[in-house]
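We have chain A; now place chains B, C and D onto it with these hints.
Number of protein chains: 4
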Amino acid sequence: MPASYAYLGPEGTFTEAALRTLPEAATRELIPYVSVQSALDAVRGGEAEAAFVPIENSVEGGITTTLDELVAGAPLMIYREVLLSITFALLVRPGTKLSEIKTVSAHPAAQPQVRNWLKKHLPDAHWESAASNADAARLVQEGQYDAAFAGEFAAALYGLEALETGIHDAENAQTRFVLVGRPARPAAPTGADKTSVVLWQRDDHPGGLRDLLGEFATRGINLMLLQSRPTGAGIGNYCFCIDAEGHISDRRVAEALMGLKRICLEVRFLGSYPRADATEGEVRPPLRGTSDDEFMAASDWVARCQDGRF
Amino acid sequence: MPASYAYLGPEGTFTEAALRTLPEAATRELIPYVSVQSALDAVRGGEAEAAFVPIENSVEGGITTTLDELVAGAPLMIYREVLLSITFALLVRPGTKLSEIKTVSAHPAAQPQVRNWLKKHLPDAHWESAASNADAARLVQEGQYDAAFAGEFAAALYGLEALETGIHDAENAQTRFVLVGRPARPAAPTGADKTSVVLWQRDDHPGGLRDLLGEFATRGINLMLLQSRPTGAGIGNYCFCIDAEGHISDRRVAEALMGLKRICLEVRFLGSYPRADATEGEVRPPLRGTSDDEFMAASDWVARCQDGRF
Amino acid sequence: MPASYAYLGPEGTFTEAALRTLPEAATRELIPYVSVQSALDAVRGGEAEAAFVPIENSVEGGITTTLDELVAGAPLMIYREVLLSITFALLVRPGTKLSEIKTVSAHPAAQPQVRNWLKKHLPDAHWESAASNADAARLVQEGQYDAAFAGEFAAALYGLEALETGIHDAENAQTRFVLVGRPARPAAPTGADKTSVVLWQRDDHPGGLRDLLGEFATRGINLMLLQSRPTGAGIGNYCFCIDAEGHISDRRVAEALMGLKRICLEVRFLGSYPRADATEGEVRPPLRGTSDDEFMAASDWVARCQDGRF
Amino acid sequence: MPASYAYLGPEGTFTEAALRTLPEAATRELIPYVSVQSALDAVRGGEAEAAFVPIENSVEGGITTTLDELVAGAPLMIYREVLLSITFALLVRPGTKLSEIKTVSAHPAAQPQVRNWLKKHLPDAHWESAASNADAARLVQEGQYDAAFAGEFAAALYGLEALETGIHDAENAQTRFVLVGRPARPAAPTGADKTSVVLWQRDDHPGGLRDLLGEFATRGINLMLLQSRPTGAGIGNYCFCIDAEGHISDRRVAEALMGLKRICLEVRFLGSYPRADATEGEVRPPLRGTSDDEFMAASDWVARCQDGRF
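Protein chains in written order, with the numbering used here: chain A, 1 to 310; chain B, 1 to 310; chain C, 1 to 310; chain D, 1 to 310.
Hint data in this document are derived by calculation from the structure and do not stem from the laboratory. Treat the hints loosely; a few may be bogus.
Said to hold, decoys possible - Only pairs whose alpha carbons sit at most 25 Å apart, straight line, appear in this in silico SDA-like list of lysine to any residue: (1) C/K119 / B/G234; (2) D/K119 / A/S35; (3) A/K119 / D/G232; (4) B/K119 / C/L118; (5) C/K120 / B/S38; (6) D/K97 / D/G159; (7) C/K97 / C/D169; (8) B/K102 / B/H121; (9) D/K120 / D/N172; (10) B/K120 / C/G232; (11) A/K102 / A/N116; (12) C/K102 / C/L118; (13) A/K119 / D/D41; (14) A/K102 / A/A74; (15) B/K119 / C/A233; (16) A/K119 / D/N172; (17) B/K119 / B/S38; (18) D/K120 / A/N116; (19) B/K120 / C/A233; (20) D/K120 / A/G232; (21) C/K120 / B/A233; (22) B/K120 / B/A162; (23) C/K119 / B/A72; (24) C/K119 / B/G73; (25) A/K120 / D/G232; (26) C/K102 / C/F153; (27) D/K119 / A/R44.
What the hints assert, rightly or not - Covered stretches of chain B, going by a simulated chain C footprint (3 or more residues, C-beta under 8 Å): (28) 214-221; (29) 225-231.
As the structure is a computational prediction, the values presented were derived from the model and not from experiment. Glycine included, every Cβ here is placed at the ideal spot set by N, Cα and C.
Isolated chain A, as found in the complex (with noise of 0.2 Å):
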């Protein structure tokens, strides 16, 4: 097994920076690819013991090409998930004004969090796209550009200072990352959780996606994403991925999965990993009747009765 990570790059990006918060990528060398495709066929392919990749934004929602990546093709699975705030700094040459700044630019999907402080610092600055935050800084460097926006930390790379940090307009900006291996056994559950699965319904008809999001409910498991995704079989046809709460060696969430897996055309399923969000509040305890042990009370007493022993 290779002990690297591949990522989305280029160096200098958020997803750099939000590989690097995992401890064991200390200890992995970490390898920039041009695409989501390319990083997870890297694992796919051998080349890459894991990929690290943007999986859902609080702007765009899910990132179609990571999904559309894990939902076809040989099977892959997510180990971990990274939630990272995304501010920007103003990175320009050293000694630069702000004055002096005519030209600004940035991967295209930064515009949202930096529209109004642009609109009110740099109202006259003529705004060009770049193929990454990372690519905008290092055209700076080169002097095709007076300055970037992107992540503090690619200043250092590009040789470049910040000017202005902590630049977001919209509060709550987040992207949230993922750790994507082949196959594995999940590591074991931290008491929150989360199971990413992709469904495809059997056929169509009123009620069916009801009675597909029933089979967690009944077993009190709230979802945190639904996401379709059309599955090319033309306009209307749509697998879903979701991610909801729970771990698959929790019984509930095994006993759903069951469930979905009878009662869908196809499931995949992506992985149990923890929650990137799991604070002392944040994370309910089971619903009543939905916890292992109830679960293994109630399997219990059904085995009794089977044996005549009640």
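Coordinates of chains B, C and D only, in the frame set by chain A:
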């Protein structure tokens, strides 16, 4: 274990006739008891191996005395059920002619089945209720009444003759009887089985009962009887006696019972046993997604996912 | 319209006592009938303005004679309900001492309420069942038995005295009575009302009954009684007598009834009337989203959408 | 009201081709805009009567730019939809031979549709992405690239010729476009209609989304699109864009919308309009119990009950 069956007597009733349709009855001593309660107490107390009592009829519905006895007290289990079509014979002392009949007797429950026949053939006869149809026959034998409505099989027992047979105002008049014993391992599934349970709701809220029934519906299980019985805790407090299609060893039934066990205040298992109405045409195959094979395949799949082999 | 109320007699029963708690009873002639059926027939036939009969008690559950009469035949409607706590007095001929009582009598339904008292205070007394508690009192008056269990109010009627009052083994023993008349515009809602209906399922399939109950649950309506009654079409064929919280003029109740009407084979409306158990604490406000105001607002909004004004 | 339609330009794209299939387009001035946002702003600002934009395709799913524009800002309404099958022509300057093509261009979204064709017929050609297929054609016209993939209709516009037509890797590749205007009374139902709404959940709890979908399922309404979009309130906060079968003037749809309005935090109505895929075979009749006639009959029945005439 005493080789005797208690039954709701006296001799010569439909209950005895139904009991005698069971092959195993031929090898037991059949002992009549004066009430359902005393027959079931004989089982609870170890005096009888099993008790045979009526539990449902097409006129009265669930027979509350029997249901209430099963709901409370030491646990009992239903081993078998028998369906008997109820048609009456008009029994008289030998030689009595129709025109000579001035008084007729039977158990009040017989009335709905013979009312029209009486109106047509004996419009002037006086009706006297008896404690059982067999008692009515005995009272005819003793000369107190001229004729009794009872099962044809009662004629020989009381030295009477049947002046008319096959009397039944209502088509489809049937009574369902059950053979009840102490808890034991249920008989193996036959492919056409029924499972009986009693449910107590945890608390009362909009949708509470709908959710209980949802545990069956989610697993594609059809209900055959739903009878509410008061819990004794005051007006409006009910438990529910339910007969469902399937056997507790069917995966779908086991999972539904586990679900009920988790969300109910209490569940009492009353047994899984062959359906008396099982004929080729009446037994539906499990709905798609609810067969044992599909449950097993889903369970295997989840186990593989838990193990990282998918 | 005859200014008389029929009731299940004879005089001196709990039914009469419950009827007399209704203010309007003071201005009507109250006529006892020998059976629930005859009392209801008096209404159907126009001889009585309304009939007052027991419909549910905490020991028996739904009183099947009454339910079956309401389910079939010409439509009737429930106008009012009365809840009566059932406690017994021990009635004797004046001067009789407890130690002199050798025989006691009452309707069999009284037994569960007085069994423990008897065991403690009159362990050797012989029990004789009577057709009603009032009949038992009459037979004591006539000298046939020594004592009767009946409502204290029966003492004066039969020239007896109460040797003991407040006898009740079970707490919460209550009987619910209803005043039944020909269909009419239901009384205006009081804020704490109940609606009674009878439902016949269109066909029998897994989830069928769950879906019926879903029509109530979707609108946040709590159920207070669910009693199955055989339809007469053979074992396993049931209709359902349901009492639900709310008044047919409540928007949520009206919409639920419309839903039932659409999916049921048949629905029989049995009336909307004030709850007898309505006290400040017991009446829950409508769940969020189910008040009349919210229904109206939603209806207005759809109308505006239909009209293009949003 | 300006008699013009804005559309996502430039000229010569599939969007324009789809727009021209609408009869009413012949009588309007058709004005290309550089973005979906600017086209919709033209409507909001009163410069255009309506805007024509892509909303869903079989490769991408819901087109998020369009959905997000409809979800937020001043209310707009969908008047019409158009489905267009997407097949490409290979456009070259007149006289160019296949063997002379070294560079090809198109919008990146074209790639999945032409990839296999390229691999087979032009394995060595270099791909350059363009801002639109029409732009690619223009750049071929200008000599910058040798060939462009675009709609065949674009050839004339740019003085090119189609070397090959009907190129489509995927069968069923379609794009759905909508004509969007300011709120108005929806067109009368055609019998095969679609209703679009956006839903915001009131709070997040197990079963919450299932209950939302239950409002449709309870009324037998099939869903055709379910697309989650972030609300901007942070990761995991979504609203749902839903297309459902039926017209807001259908009673079942109106009742479902009322139900959603009552339980959702917010509902935005996006219009009821004829289905573009309506053909005899594809339009299912309403499920039993959900037709307008059945709704009306049920409503009449409840009115009669409320009035005491039943």
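Going down the list of hints, with the structure as the test:
1. For the suggested pair C/K119 and B/G234, the alpha carbons sit about 23 Å apart, so the restraint of at most 25 Å is met.
2. Note on D/K119 and A/S35: the hinted pairing holds, with a Cα-Cα distance of about 21 Å set against a maximum of 25 Å.
3. Proposed proximity of A/K119 and D/G232 is supported: the alpha carbons are some 20 Å apart, at most 25 Å.
4. With a C-alpha separation of about 45 Å, the suggested pairing of B/K119 with C/L118 is violated against the 25 Å cut-off.
5. The suggested pairing of C/K120 with B/S38 holds, with an alpha-carbon distance near 23 Å, which does not exceed 25 Å.
6. Proposed proximity of D/K97 and D/G159 is supported: the alpha carbons are some 16 Å apart, at most 25 Å.
7. With a C-alpha separation of about 22 Å, the suggested pairing of C/K97 with C/D169 holds against the 25 Å cut-off.
8. Taking the CA atoms of B/K102 and B/H121, the gap is near 12 Å; set against the 25 Å cutoff, the hint holds.
9. For the proposed pair D/K120 and D/N172, the alpha carbon gap of about 21 Å is at most 25 Å, so the pair holds.
10. For the hint linking B/K120 to C/G232, the alpha-carbon distance of about 22 Å falls within 25 Å, and the restraint holds.
11. The straight-line distance between the Cα atoms of A/K102 and A/N116 is roughly 17 Å, inside the 25 Å bound, and the hint therefore holds.
12. The hinted pair formed by C/K102 and C/L118 meets the criterion: a straight-line CA distance of about 12 Å does not exceed 25 Å.
13. With a C-alpha separation of about 20 Å, the suggested pairing of A/K119 with D/D41 holds against the 25 Å cut-off.
14. This hinted pair does not check out: A/K102 and A/A74 have alpha carbons roughly 47 Å apart, beyond 25 Å.
15. Proposed proximity of B/K119 and C/A233 is supported: the alpha carbons are some 22 Å apart, at most 25 Å.
16. A threshold of 25 Å between alpha carbons decides the hint, and for A/K119 with D/N172 the separation of about 44 Å lies outside it, so the pair is violated.
17. Restraint check for B/K119 and B/S38: not satisfied, since their Cα atoms lie roughly 37 Å apart, outside the 25 Å limit.
18. Proximity of D/K120 to A/N116 is assessed by CA-CA distance (about 48 Å); at most 25 Å being required, the pair is judged violated.
19. Between the alpha carbons of B/K120 and C/A233 the distance comes to roughly 23 Å, so the proposed pair stays at or under 25 Å and holds.
20. Annotation: proposed proximity of D/K120 to A/G232 holds, straight-line Cα distance about 21 Å (limit 25 Å).
21. For the suggested pair C/K120 and B/A233, the alpha carbons sit about 23 Å apart, so the restraint of at most 25 Å is met.
22. A threshold of 25 Å between alpha carbons decides the hint, and for B/K120 with B/A162 the separation of about 18 Å falls inside it, so the pair holds.
23. In summary, the hint linking C/K119 to B/A72 is supported, as the alpha carbons are separated by about 21 Å, within the 25 Å threshold.
24. This hinted pair checks out: C/K119 and B/G73 have alpha carbons roughly 20 Å apart, not beyond 25 Å.
25. Restraint check: the Cα-Cα separation between A/K120 and D/G232 comes to about 22 Å, which is no more than 25 Å; the hinted pair holds.
26. Distance restraint check for C/K102 and C/F153: the Cα-Cα separation of roughly 23 Å lies within the 25 Å cut-off, and the hinted pair is therefore satisfied.
27. As the CA atoms of D/K119 and A/R44 are separated by approximately 23 Å, the hinted pair is consistent with the 25 Å bound.
28. Here's how the stretch 214-221 of chain B fares: 5 of its residues keep a CB closer than 8 Å to some CB of chain C, so the rule of at least three is met and the hint holds.
29. A count of 6 residues in the stretch 225-231 of chain B with a Cβ less than 8 Å from any Cβ of chain C is obtained; the coverage claim is therefore met, three being the minimum.
In summary, the structure is inconsistent with hints 4, 14, 16, 17 and 18 from the numbered list given earlier, while agreeing with the others.
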